[in-house]
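Got two chains here, separate frames each, mind docking them using the hints?
The listed protein sequences correspond, in order, to chains A and B. The numbering used here puts the first residue of the first sequence at 1, with every later residue one more than the last. The numbering used here puts the first residue of the second sequence at 1, with every later residue one more than the last.
Source of the hints: derived by calculation from the structure; they are not laboratory data. Hints should not be assumed to be uniformly reliable.
Unchecked claim - Derived, one-sided and incomplete: chain A residues facing chain B with beta-carbon distance under 10 Å:
id, residue
1, Lys4
2, Ile68
3, Pro255
4, Gln262
5, Ile272
6, Ile314
7, Glu378
Beta carbons: idealized from backbone N, C-alpha and C, even for Gly.
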Amino acid sequence: MDFKDTPEEAIFRSEAAAWMAENQLTAEDKQGLSRLDVAKLWQKRKYDGGWACIGWDEKYGGRGASAIERVIWDQEENKYDVPSRFFVIGQGMIAPTIMAWSTQEYCDQFLPKLASGEEIWCQLFSEPASGSDLAALRTKAEKDGDDWVINGQKIWTSGAHYSDYGMIVTRTDPTVAKHKGLTAFLVDMKAVGVETKPIKQLTGDADFNEVYFTDVRIPDSYRLGEVGQGWQVALTTLMNERLAIGGGGAGADVPLAMKIAQTVSINDRPAIEDSAVRAKIANFHVQEAGLKYNGYRALSALSRGDLPGPENSIGKLVGAPKLQDIASFCMDLLEEHGALWGDDLDFMAGAAQRSYMGAPGLRIAGGTDEIMTNIIAERVLGLPQDPRADKGIPFNEVPTGN
Amino acid sequence: MNFEFSEEQLMLREQARGFLAQHCPPTRVRKVFDGEQDYDAALWTSIAEMGWTATAIPEAYGGLGLGYYELAIIAEELGRAVAPVPFSSSVYLATEAIMAFGNESQKERWLPGLASGECIATLAHAEGAGQTTAKSLSAALSDGALTGVKKPVADGINANIAIVTTAAEDGSVTLCLVELNQDNVERSPIQTLDFSRGHATLTFNNASAEALGDGTVTWSAFEALLDRAAVLMAWEQLGLADKALEQACDYAQQRYAFGRAIGSFQAIKHKLAGMYVKNALARSNAYHGAWALASNSDTLPLAASTARVASIQASLNAAQENIQTHGGMGFTWEFDCQFYYRRAKLLSLAIGSERHWQDRLVTALEQQKPAAA
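Same shape as in the complex, but just chain B (with noise of 0.2 Å):
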């Protein structure tokens, strides 16, 4: 049995987190949430530089071609550090549309930009409030020729060029990639819950597109490509709330009341050790999920949804649990709970919400092979 992390992949996290404990530590998410850029453009440059948009991308295309192990790492990282970079779309979503359904000349244009970070991307799928499904989608790709309105992009501000999806026959989906710097595409800011990631409503009147690969993709092997992301946002996710219970616990030890430390008082410590125990789950179902998704095993459904689910309820709850540990300071804009309870919530409604994962945690196990009973 070896369901653990390598030497080699605990030194990469060891460096991940001392490289952002220097480059982002909360003060520069600050900055970000009181100021007037909608992301930190210089932190996203020197994660370029240590490599880490490359990291999954194969050396062919201008990647390191390492693993998803090391890309969950770098994951949890980024989520610890609640850090202001469109990492998740570019590389979760937008490259790996790309891999997966890019042909060669796709690839050659578009990976090793996204490998260097000069080029950030992203997904654009959502059309409004609710669901966005293939019998929903309205935004539709003809002759070369891209419209719709897609509300809300992450990140749909700062990137270069975005994967659409488009409405196909037979409820197949057309994923369509277009640079956004042109006349043909309006951007305009959409203000969301997290200040720090730019979010866009993209307005395609007959923008130059073009299909993925192909052209059309089955809605599954859209939702393989969603079930890729989702262990990878499992592992942010997990990052940030391993960082809110540490600093609920942190502020639980120094905090008096009563006379003594209000962690001393069970309806605080159990409270931090309920957030522990999901955590705990969490990181046990984040494992699996990437070592599904490193696998490319048959079981990333389950894998990927459950990661999902278990992560969305231990960042949502750790993030909550550390502002009510933290009293009425916790509800300030100076304490930084507001971080993690903001990105907590913003990433739980990336790619589908915590309903739509159980819905696809129990299709998942109805797939299974029953049991002997």
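Chain A with its partners taken away, still in its complex shape (with noise of 0.2 Å):
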């Protein structure tokens, strides 16, 4: 074992370490740019030098690249502070799910302006009465001559406010069973009758939205799959979301709660000294660690050229609900101070208290604690399913409660 690249990732992160720091932006490019402009200079900057999407066709604007490639290419990245989510859903979900169901004139009509940040696309999957059990969609879509008119109402649309593009699935047949309705599709934002609500969530900040389909046309070309195929379709993007989603990502962590219990006192000696807190942070370490960990195998699986096995799953499972427990622990350390608010707070400017008021939207986001847990059960451990009053009768006869 060793955790040195091969030869041939050692010459290809050199590369793209030399490149990034040779084209990083400046303070002045950024200048009186907003979050989101700096993230679209960056992108099209990637994409003039070949560096954008890189494991895509270079046709697309990619080169090629291999899993282990995209890995290093992203861990030479994330040394800078380079804004990158606004293109996480288009270019790591929907791009892909478009290579695979749509045409050849699609993907050379959108995937070049993926990969330049152009044009950012968002993903029209759940609805109100529709979340964990996503085929439970209702919004409808209805032949019309050579279109189809879409009405209904998506929920929890990240970047539809600044989105151009969307993939959204609809149910265009409720006389059969849930998954065999549905069926999926491009979408214009700027159309007719589409209409973006943003949500604000309990941190105060509004990262994603309601959308209003009100008799939306669009043309039967932008269908992605066979009609009725769109539980098909929509798992080519669920299952890209495990990588794009993934990854650890920055707030209270064990280097925090260490800082923290070194410098208060809990009866007038240092917190650190305390046993119960010292076996506190041994478990978050467990946890950490295990996850880093589990990161180096999955890696060496892609280096070797295989994919990474099931307990790659288990990240954000153990991930999101550590967030929590750890920055309340780290706020529990701080006694009253912990519920102190803002920017310019001690301890990585109030990092606990955010990740507290973050954690729960991301133990529900991408597959909620539950589902996680169900995915491993059923598909890692191969335990039955549960039994589903909706198997096999027409969507329109399963009983919906209010």
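Here it is, written out as structure tokens:
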């Protein structure tokens, strides 16, 4: 075992690092720009240099890089403060879906602009009545001549307010079983009848939206896959979600907890000397280190040209509740001071408090803890599914409650 | 990035698993539990013939000169099989102590026998209830005569020699090597919750003994010995944890209630997924521990204590929830769930409990350079 790059990987890393160092945005470049505009500027610069969406085919702006090269690129890019979250859904999840299910014409039309950051995409899946039970969605698409007419409501749509296009899953046949009556489409977010309303989160931010569709017309050519094949299309997107979202992310962690415990006191002794504090920190470290080395094992598989094993599916399930717990623990160490809020606080500018407020969202987004747990039980351990009350019956006869 | 075992190492795992499936099935473990013997002597002989006891001993001393990755793999398989043999005492602890601290003649005298399995050794450290520290040690060596009482000593009934911790000046410790088959050593069997490991109380009445190597070693050198053993112990616990999870999953598929397999109820499947998560974290931490051990890394104290804490938690949880998944049948003598439950707890108490290793883990974090703020 070792943690070193192979010679080829090392060459790729130094090439990537050199380009990155040479082409960083300067303070002058960023002057007066919003976070979104900075992101677009950096994305365009990468695209022009041949370093955008490097895993894609050259004809779409990529460079045909391997999975491990993509990881190396991301590692190098993460050394800089560059905003990239605006593109994760479009580039990481929807582009692979377009490649798999749309026409060559649309690949040629949409993918290069996705790679260059000129166009941003959103994912229109969840609805007020279908979250974890995604296939229960009700937004209707009805055929009208060569067009489809869409009516309904989507929710929790990240970035809908600045997106140019979206990928939507609709119900085209309510008389067949839940999964069989779905069809997926591309949709122009600037089309007549699309209305976006931001949702204010409990953190006070508004990262996602409700999106209303009222008689929105789209051409049949925007359809992804066959009519009734929407579930399979959506699965392509969701499988890529695991790869796109993953990752750790900043926030409260063991180094922060150590710093606080070494600074504050319990019974007039440094908190770090308290055995209960030590036990808690040790347990958090077990989780953090376990996830880190899980990641190393996944990288080893990629480096060898294989796909990571199912152990990789535990990242979010462990990471999100851990973030909540360690943030809460850090705040406890601060005693009443833990309730303060602001960017000018000690200890990483109030990172514990921000993590505490953000963590509930992470435990829900991209598959709740409960759904992730089901996935591990059913797909990794091979346990049987729950019996489903809606199985095999027409969607319009499924009990709905209120 | 190459954070995984080599092809050869994976072949060794497969071979070890196959061997133990044949030579150490649960029925064999049960014989030791039900019988008079306090370990499986025949299994020990065949394990030694496979060369497992010789794995990490250099060829010059009759060993195979393989490394700690190989030993970790064997440890995991022994854990899966709940093997009733004194492997951890003899190999992870006593053999390692002689290799780390013994002088040339001690190595030449003892390592070949340990490699061949003809000699069984153990570490005698605990002296009654509670933590044993440099300060609390009362056993003492004076002019080649050892006095004191060690209790409990794992595998002390079957061992030929023991490495005994004794008090020394300035918070150090003197490790003595004692042949146990002598008049001045009194061995009395003590029962533990694991019937397959032959624990003993060892009483030394001016027993003939010699200090390992130059005499005293620092307490931190002794702790480093425990760090090395902790990595291997973590692998053994991990093997046990995975086996208990597999057993629980199998049962949850077969057992029906309310007209369906109990594994289809979220109350059960989420429990099993929770076991899987703990085991997966423990496995990745155990990988890192094996790497730190094999590469003699400075990070061994942190890597070892992390692996040990993770494996203690995973194995206890898996053994406990395996019984819970089995319901009443899991609480019977007849079912094998008890093997994992007993062994998991026994291993979690050897070489320092969870609390001890949590504490050592945080001490290692404190000694790290602070990350840039």
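Results for each hint:
A least Cβ separation of about 7 Å between Lys4 of chain A and chain B falls short of the 10 Å threshold, and the interface hint therefore holds. A distance limit of 10 Å between C-beta atoms decides the matter here; for Ile68 of chain A the minimum to chain B is near 8 Å, and the interface restraint holds. Hint status for Pro255 of chain A relative to chain B: holds, with the closest Cβ pair at about 5 Å, below 10 Å. A hinted interface residue such as Gln262 of chain A counts as satisfied when its beta carbon comes closer than 10 Å to some beta carbon of chain B; here the least separation is about 8 Å, so the hint holds.
Of the supplied interface hints, the one on Ile272 of chain A holds, with its beta-carbon coming within about 7 Å of a beta-carbon of chain B, less than 10 Å. Against a cut-off of 10 Å between C-beta atoms, the interface hint on Ile314 of chain A holds, since the closest Cβ of chain B lies about 5 Å away. Interface hint at Glu378 of chain A: satisfied, since its Cβ lies 7 Å from the closest Cβ of chain B, which is below the 10 Å cut-off.
The structure meets every hint from the earlier list without exception.
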